[in-house]
Amino acid sequence: GAVVSQHPSWVICKSGTSVKIECRSLDFQATTMFWYRQFPKQSLMLMATSNEGSKATYEQGVEKDKFLINHASLTLSTLTVTSAHPEDSSFYICSVRGVNEQFFGPGTRLTVL
Amino acid sequence: AQSVAQPEDQVNVAEGNPLTVKCTYSVSGNPYLFWYVQYPNRGLQFLLKYITGDNLVKGSYGFEAEFNKSQTSFHLKKPSALVSDSALYFCAVRGSSASKIIFGSGTRLSIRP
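Heads up: the sequence lines are chains A and B, in that order.
According to my numbering, the first sequence is numbered sequentially starting from 117.
According to my numbering, the second sequence is numbered sequentially starting from 3.
No lab work stands behind these hints, which were simulated from the structure alone.
Wrong hints could be hidden among the right ones.
Label-pair ranges, simulated between beta-carbon atoms [to be verified]:
(1) S131(A) - I53(B): 42 to 48 Å
(2) L58(B) - G132(A): 50 to 56 Å
(3) E17(B) - L142(A): 34 to 40 Å
(4) E10(B) - K136(A): 46 to 52 Å
(5) L229(A) - P115(B): 23 to 29 Å
(6) T198(A) - S62(B): 35 to 41 Å
(7) P42(B) - P202(A): 20 to 26 Å
(8) S30(B) - C129(A): 39 to 45 Å
Partial chain B-side listing against chain A, Cβ under 7 Å, derived [said to hold, decoys possible]:
(9) R44
(10) I53
(11) S107
Values in this document were obtained by computation on a predicted structure and should not be read as measured data.
Ideal Cβ placement from N, Cα and C applies to all residues, glycine included.
Bound conformation, chain A alone (with noise of 0.2 Å):
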């Protein structure tokens, strides 16, 4: 399958501030990157998918003010928390869309104080 990496792998940042997690897939050239947000002892949460290319699309309840998302190149798309919040913090997870599958990164731990 494919190689997924995500950095960093933990932040900790002051209120208001914003902060880019890059998600970057390492063998496979991914047209369809999904981002998701996991808070403790829950599931993932989809909250964009993003299209190298294109603009992103939304799950719905999700800023995307507030999560700008960049796909520039089939192995990189990037999720910018902006003017981040203590509730903010989370579990960041990107996935690459395979054939039929889904590859996940190992997650960025967000921490907004």
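For chain A, the structure is supplied; the task is to place chain B on it using the hints.
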């Protein structure tokens, strides 16, 4: 609409005993079914999938799952549990015409020595 249910928040099994983690689904058309495992502070690891073919699917680490169309179930099983199997397990489904995977709420599997 797609949905997947994992009725058990936690499953406790003694090492060496068989284990079952339950999953039922609802989807339009033919289902694509998946099981993933998540260790603490890690992304999801793919275990197995059912797309078509034999109803009994064998996957990684000795796990298997049986697709039951009449009961709309895809329970995960292993004949003999290991302590290292302790983790969070997610069932997921995608309709054949859908673009995204929907996850269940997760089941925490705890294997006692």
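(Q) Checking each numbered hint in turn, tell me which of them this model violates, lowest number first. (A) Violated hints (numbers, rising): 4 and 5; every other hint is consistent with the structure.
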